[in-house]
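The primary structure of each chain is shown beneath.
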Amino acid sequence: MSTDDESFHPLGDEWEGELETMLDDTEYDSQLGMDMARDAMRVTKGELSEADFHEKYHEDVMEEFGEDERPTKEAYEAAQEEAKGTFSRMVDKFDGDGEETRRETMKKMGVGATAVGLGAFGTVSDGPEHSVAEGPRQETTEESDTQWGMTIDLERCDGCLSCMTACSEENDLDQGVNWMYVMAWEDDNHHGQEGSEYDVYTDFNMGSDFNMLVRPCQHCTDAPCEKVCPTTARHTRDKDGLVLTDYDVCIGCRYCQVACPYGVNYFQWDEPDTAYEDIDGLEDPDNPDQITHAEYDHGERWVDSRAPRGTMSKCTMCPSMQDGKQGEGKVGTTACESACPPNAIQFGNVKDEKSDPSQHREHPVKSRAIVHLTNGTESSKSAPSADDIDSALSEGDDLLTAIDNIEGLTVDILAVMKSIEMISEGLEPGDDENNSILRNEQEILSAVEAFQQYVDLNTEEAYTELGLGDGSEQQARFRLEQYTGDPSSFQLLEDIGTNPNITYLGQQPGPEAHQVDGPTAYEDVDLLDERQEDLDEGTVGRIDGVSL
Amino acid sequence: MNAALTAIPSELLYHGYDGTAGFTGFANEGTWIIFAVILVPVYIMLAAWFLGEPRDTKTGLLGVSYLVGLTTSMWVGMFVLTVLIGIVFYGGPPEPISGVGPP
Amino acid sequence: MSTKEPTEADILRPINTLTKKYFILYGAATLGLVAFLVAWAYQLQQGLIVTGLGDWGSGGGSTWGLYIGAFIWWVGVAHGGIILSAAVRLLNMDRYMPVARLAEMTTIGGLSAAGFYILVHMGRPDRMVTSVIGHYHITVNNSPLVWDVTVITAYFVLSATYLGLTLRYDVNRLRDDLPDKFEPVYKILTIGYSKKEDKVIDRMVWWLAAAVIIMAPLLLHGGVIPWLFALLPAMPGWTGAIQGPMFLSIALMSAISGIMIISYAFRRAYDWDHIITDDIFRGLLLWLGFFTLLFLWFQLQTIINGVFLGPTNKAVAIEAKIGHPVYQVAMTMIFGTLVYIFLQGIRPALFSKKRALLASCIILAGTLTEKILFVVEGFLHPTFDIYANTPGTYFPSLIEWLSLVGTTALVALLFLNLSKLVPVVELHAVEHLRGDHAHDDDATEPEVEA
Chain A
1 MSTDDESFHP LGDEWEGELE TMLDDTEYDS QLGMDMARDA MRVTKGELSE
51 ADFHEKYHED VMEEFGEDER PTKEAYEAAQ EEAKGTFSRM VDKFDGDGEE
101 TRRETMKKMG VGATAVGLGA FGTVSDGPEH SVAEGPRQET TEESDTQWGM
151 TIDLERCDGC LSCMTACSEE NDLDQGVNWM YVMAWEDDNH HGQEGSEYDV
201 YTDFNMGSDF NMLVRPCQHC TDAPCEKVCP TTARHTRDKD GLVLTDYDVC
251 IGCRYCQVAC PYGVNYFQWD EPDTAYEDID GLEDPDNPDQ ITHAEYDHGE
301 RWVDSRAPRG TMSKCTMCPS MQDGKQGEGK VGTTACESAC PPNAIQFGNV
351 KDEKSDPSQH REHPVKSRAI VHLTNGTESS KSAPSADDID SALSEGDDLL
401 TAIDNIEGLT VDILAVMKSI EMISEGLEPG DDENNSILRN EQEILSAVEA
451 FQQYVDLNTE EAYTELGLGD GSEQQARFRL EQYTGDPSSF QLLEDIGTNP
501 NITYLGQQPG PEAHQVDGPT AYEDVDLLDE RQEDLDEGTV GRIDGVSL
Chain B
549 MNAALTAIPS ELLYHGYDGT AGFTGFANEG TWIIFAVILV PVYIMLAAWF
599 LGEPRDTKTG LLGVSYLVGL TTSMWVGMFV LTVLIGIVFY GGPPEPISGV
649 GPP
Chain C
652 MSTKEPTEAD ILRPINTLTK KYFILYGAAT LGLVAFLVAW AYQLQQGLIV
702 TGLGDWGSGG GSTWGLYIGA FIWWVGVAHG GIILSAAVRL LNMDRYMPVA
752 RLAEMTTIGG LSAAGFYILV HMGRPDRMVT SVIGHYHITV NNSPLVWDVT
802 VITAYFVLSA TYLGLTLRYD VNRLRDDLPD KFEPVYKILT IGYSKKEDKV
852 IDRMVWWLAA AVIIMAPLLL HGGVIPWLFA LLPAMPGWTG AIQGPMFLSI
902 ALMSAISGIM IISYAFRRAY DWDHIITDDI FRGLLLWLGF FTLLFLWFQL
952 QTIINGVFLG PTNKAVAIEA KIGHPVYQVA MTMIFGTLVY IFLQGIRPAL
1002 FSKKRALLAS CIILAGTLTE KILFVVEGFL HPTFDIYANT PGTYFPSLIE
1052 WLSLVGTTAL VALLFLNLSK LVPVVELHAV EHLRGDHAHD DDATEPEVEA
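Residue numbers (my numbering), protein chains in the order written: chain A, 1 to 548; chain B, 549 to 651; chain C, 652 to 1101.
None of these hints come from the bench; they were simulated from the model.
Being a predicted model, the structure only gives us computed values, none of them experimental.
Please note that the accuracy of each hint is not assured.
As the list claims (entries may be wrong) - Pairs of lysine-lysine residues, derived as PhoX-like cross-links and limited to a Cα-Cα distance of at most 20 Å, are as follows:
1. K1005/C / K671/C
2. K606/B / K846/C
3. K1071/C / K838/C
4. K351/A / K239/A
5. K606/B / K847/C
6. K381/A / K351/A
7. K325/A / K239/A
8. K838/C / K606/B
9. K56/A / K45/A
10. K606/B / K850/C
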């Protein structure tokens, strides 16, 4: 037990005691564990350097476990290399702190600090033996931690066109400049309205009469538009993989538009309808420059919002948001993602397994369920929060009564929540970007935990009641799939070799797929589908109805 | 090596952008196509101008001055014309002569 | 048939005479050019919306059209220069010597028109130099358009150098008969000239011609220009290795036709029957037939590859191509011309200069049409044709038609001006026809005279 007056753990003495008890149950030295945990807190607080922490317990850890692969090892080794002299100075500083200082500086810290200390025991030397997955065939060798991209759930899209409108307003686009484009389609394998054999489910549009395709720019890793550009105006921003157009460099040759397999480019054939000084996006900044310029190593460039006359434009994935120029809250979001009522668009860093697109792509069934239960906007099913549950339940409730007592909760909803909990890996969202899926998963996990304070859901009867069979992970998965379906994923024109950064969940259009009228007509929301109607008005000497 | 080769020009020539490694910039298909295939006849021609009989170095240099002079006057002329077009029709000369952003 | 001997006076006639017809032609050409310049100014001010172009895909248009089609066509016409010079200097076809310089000037004219089209088709022509040259060190490595700019610059400069170097001999020998008012120009043209250099220059331009005959047909019009289209993976109407040979055959057709028309015009204007003889037209016509045959053969390859079994995207594109009425008319015209050329080949009585002229005009119209169609069809039938608005629509606007008038006027004005400045037929050709020269007719470099 700590000899200090105050507990080092933020949750207090009791909690510290419980942790120590847990340590006692292991075969390892509890005192060492508690000491390390305490100092780990200090590391997170910045009072102790990683290198010092590592060094302080290195011998003990080696003696206890035979190896020392703690996360602080790197810092320790680096410090060692830097200079022996400065290191001993660092150690002296540490020694000078003294017991009193240590006592004084003990303050509440996050749970994470404990994890660091306890994690030291849990660290089994994995070693770099996992095989490096061979990535896709790719020409680009540029490496970066961030690659913005999307996972789009086509079976959640109901063709409301809100994303198209939001994009148009955010970027002050002309009519027909459809950077974001949503269409319904049909082909021989995917029928539309007539002859549909699906039931229409109300929660999801799995049974929708429409096959949808949501088509922003794919921000390909091997973007043909970038490769063919004669001026580097069309380029990939190194730090985050966005494919952008420099409006000051573009010569308007339109070769990028020619080379793009997907047809996402829209040229500014005439003076744009919105004057530069009137560019105001969705939030009306003080200066248009804030939302039209983006940051590069070599300075700011004009790459965002509508293009000037004579240059090319396309979906930018909102770099002014990613750069934090519209507030920290918007980093990791786009206008279209925020506007989508069923949350069909998930934008984020596709290289980060914690991001929304990665979660949605790798765990589509679980993610669909999470999105649907926490959407708030469109869903008829909503998961109660831990607080809701705490306030509504009391000790001794049985399962069905408990469900009844919580407003809006049904057996179905609880079953889905429980299934999520059963197959969850407990991955934390991190705090960099808007990792909403993992964040909401945590909410659901908390809610299930709260519920289980009152009613044990890990019993045979509970499983039966909730339709979870034998309570195995597999059964949980089945239960979820009953609810969400199990979509396949695809990318558009994968065999062309562009390596797009948008993954789709749902039905893939075949080579002979063709667009049909969707649930919402473009003109009904003031959008123009065929831009040529507009452009024809400016053509000099036009002969109606004649075409090559 | 690629980074070093492109670092200097990217500072000298605006706007500091240096291509996407492996995909654009040095070295790629174009490097070989232009400098190791298409311009090879020109290299051979130049070599022949200064080697073999009958030759006259002064005349060879005259030929080279035609090549260089024509190329330069072509592009300088184009430069003047295009900057003029920029001033008259697009509100100002092109970046980097003018600044980043709308005129 | 003429028993007249060609003289220096003959080839100086354009320089030393000024006729009413000349003025009318000059006036018309100037009018044509000015009309287009006014239209271009309007386009610069309004933007490219004044054309019939538009976004492909959801937009329902075609983003490249007549401007790019005509650009390719003019580069094709420009190939006449090297074909003739190579034929004369490298392959010893002395028959064509009298039209070699006219052909070289056609190259300069054709490439100037092509360069003009590049400027006209860009949305921001003011950035042509700063953006392209400013990033050349990066983009030359990966962008087919920059390869295009590089090779066209090289071809233009090499051709102009050829012209400049070969003019030195003519201007020096004919100096006294050339007008005094252009003396400063002649001084520059013959800077550092001495008779000693003739043999050296001869050898230098031989190597120049050799360099260009490899570069221009194989690597420009059979290289970087088709690669603009053939290397793009998602337009099945464009992809494929056949485009290189296909484009080259069209270029050679256009080149020969262009030379025939211009040669005919000059022969008629200046009574040059005995210099630009019927022989030349017969020969050119046969070559035109050969290249036309090659072209139709390549079209056959393209068509059968597309229609036999697919793949789907290619089948759609090729079926649309051969079903297009404009394509059918153009191919019929071209095929009909080929038939005529074949017939007059086996029955010489069917030949006449006027018919050769007509054949040239039809071929030029056919190749221009084919090129514009080729460009637009890429966007009408892409692999990703899911859009309701694809295929889109396109028809050239008045401004685009005027560009054809304007660039033709530009080339005409070039000839009208050049022909008043320097002889458009090589002095060597006249000397050769007279049997003056003691020079060898070998294809190898000329020996040093004893």
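* Asked: Which hints from the list above does the structure break, by number from lowest to highest?
  -> 1, 6
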